[in-house]
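A.B. asks: What follows is the residue order along each chain.
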Amino acid sequence: MSTMPFKAPEPETTRGQASIGKAVKINGQIYSKEDLYVDGDVEGTIELQEHRLTIGPNGKVHSSVKAREVVILGNVQGNVDASDKLEIRKDARLVGDIKTARIIIEDGAYFKGSIDIVKPEPARPPGSPAPRPPQAASVPAANAQGNAVAAEVKR
Amino acid sequence: MITERLRGMLRRPGTESSPGAAVLTPGHSSSATKLFDREIVSTRPSRGLEQFFAYLRGQAGLSILDLAGASQENINFITNLGHRLYSEDFVRSLDDIFAGDDQSNVSRIDQFLRQTLNFGNEEFDGVLVWDVLQYMAPALLTATLERLRTIVRPQSYLLAYFHSDEKAQQVPFYSFRIKDQQHLLLTQRGTRKPAQIFNNRSLEKLFKQFESVKFFLTREQLREVIVRR
Chain B
1 MSTMPFKAPE
11 PETTRGQASI
21 GKAVKINGQI
31 YSKEDLYVDG
41 DVEGTIELQE
51 HRLTIGPNGK
61 VHSSVKAREV
71 VILGNVQGNV
81 DASDKLEIRK
91 DARLVGDIKT
101 ARIIIEDGAY
111 FKGSIDIVKP
121 EPARPPGSPA
131 PRPPQAASVP
141 AANAQGNAVA
151 AEVKR
Chain Z
1001 MITERLRGML
1011 RRPGTESSPG
1021 AAVLTPGHSS
1031 SATKLFDREI
1041 VSTRPSRGLE
1051 QFFAYLRGQA
1061 GLSILDLAGA
1071 SQENINFITN
1081 LGHRLYSEDF
1091 VRSLDDIFAG
1101 DDQSNVSRID
1111 QFLRQTLNFG
1121 NEEFDGVLVW
1131 DVLQYMAPAL
1141 LTATLERLRT
1151 IVRPQSYLLA
1161 YFHSDEKAQQ
1171 VPFYSFRIKD
1181 QQHLLLTQRG
1191 TRKPAQIFNN
1201 RSLEKLFKQF
1211 ESVKFFLTRE
1221 QLREVIVRR
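Chains as they are written, first to last, in my numbering: chain B, 1 to 155; chain Z, 1001 to 1229.
Honestly, the hints are just simulated from the structure, not real lab data. Errors might be hidden in some of the hints.
Unchecked claim - Listed next, the in silico DSBU-like pairs over lysine-lysine satisfying Cα-Cα at most 35 Å (straight line):
1) B/K60 x Z/K1167
2) B/K90 x Z/K1208
3) Z/K1179 x Z/K1167
4) B/K22 x B/K99
5) B/K119 x Z/K1179
6) Z/K1179 x B/K99
7) Z/K1179 x B/K85
What the hints assert, rightly or not - Quick list of simulated restraints, FRET-style, between CB atoms:
8) B/I104 x Z/Y1055: 25 to 31 Å
9) B/H51 x Z/I1197: 27 to 33 Å
10) B/A18 x Z/Q1169: 52 to 58 Å
11) Z/Q1072 x B/A18: 26 to 32 Å
Said to hold, decoys possible - Derived contacts from chain Z toward chain B, CB cut-off under 8 Å, selection only:
12) E1088
13) D1089
14) R1092
15) L1117
16) G1120
Quick reminder that beta carbons are idealized off the backbone N, C-alpha and C, glycines included.
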């Protein structure tokens, strides 16, 4: 029989990532180079270069959010830019515009805003030439990204 | 106790009721989601839906407004066509803002329109209205249609559904999910009391500010309506 003292396991949601607890309120800009779990109040901007942002069930975010992957269980009021994937879980609430490659929304989630699906550019094999810029000078560079652009096309 | 009429609805041929289908409680009218632990799901063809997307065929990058709230199926279908989707849960906002109060209250109507149909300068190339209009009292409905008319581009289309049983006290309240261009997945979330019941003539009158109205009557006593701005 082990004599080691019992240690409760860390919650799944906060393991191996920075965390903002539910009693914390932050006004300002957050940049992170690791995964971040927000269960408190944030007003400002949140930017995670290549990482995952999770807004916990108690999280209240009034800011624009940018990350590789965003998971929302709480309340977000602001635009969300998730370069890879956005998940809006049951009972979550998001009011804002979404730009992402993939979106998963569970029944019971509330969402108000627009959704732009932006397909990631296919990876080029090493040594292959860079794609040529568009011929027409008036066409913005973003036009290479399919749906993102298509959203600007007017009838 | 389940009324015979509702029992018949649950057993409708062609529907795929989920096991242990919800128990309907007569006498309740509002906030249908609270009435049900489970949902009743059925698939049905929709000429209106087919027609709506036929009008959009060959185009991409359009702005489509879905008033049924966000669902994975509708997001996938519309964004896969290359369109931008705007989402708003009209019925939820209706319940939140009016909460059983008089829908003719001018300040509440104004609040409702600000909360639900305020998209800045955005104009839409199509609106999936579904069945929400029938839950609105005349003053709110008129104001909502006027706002919809201003945010929809000329010659664009609205797709709306109305129950056609003029004697109905309660009608099934659905969430509409697009299975494919011709089929809808209807998830019944309960029943609601319609604020108004429309026939073809009253629908024509309702949409008199719009260019044209086209009807499809279905077996399920749902009238599908395509309205051209």
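A.B. asks: So, for every hint listed, does it hold in this structure?
C.D. replies: Now the hints, each set against the structure:
no.: 1; hint: B/K60 x Z/K1167; verdict: violated, 46 Å
no.: 2; hint: B/K90 x Z/K1208; verdict: violated, 40 Å
no.: 3; hint: Z/K1179 x Z/K1167; verdict: holds, 31 Å
no.: 4; hint: B/K22 x B/K99; verdict: holds, 27 Å
no.: 5; hint: B/K119 x Z/K1179; verdict: holds, 22 Å
no.: 6; hint: Z/K1179 x B/K99; verdict: holds, 24 Å
no.: 7; hint: Z/K1179 x B/K85; verdict: holds, 22 Å
no.: 8; hint: B/I104 x Z/Y1055: 25 to 31 Å; verdict: holds, 29 Å
no.: 9; hint: B/H51 x Z/I1197: 27 to 33 Å; verdict: violated, 53 Å
no.: 10; hint: B/A18 x Z/Q1169: 52 to 58 Å; verdict: holds, 55 Å
no.: 11; hint: Z/Q1072 x B/A18: 26 to 32 Å; verdict: holds, 30 Å
no.: 12; hint: E1088; verdict: holds, 5 Å
no.: 13; hint: D1089; verdict: holds, 6 Å
no.: 14; hint: R1092; verdict: holds, 7 Å
no.: 15; hint: L1117; verdict: violated, 11 Å
no.: 16; hint: G1120; verdict: violated, 10 Å
Of the numbered hints stated above, those contradicted by the structure are hints 1, 2, 9, 15, 16, listed in ascending order.
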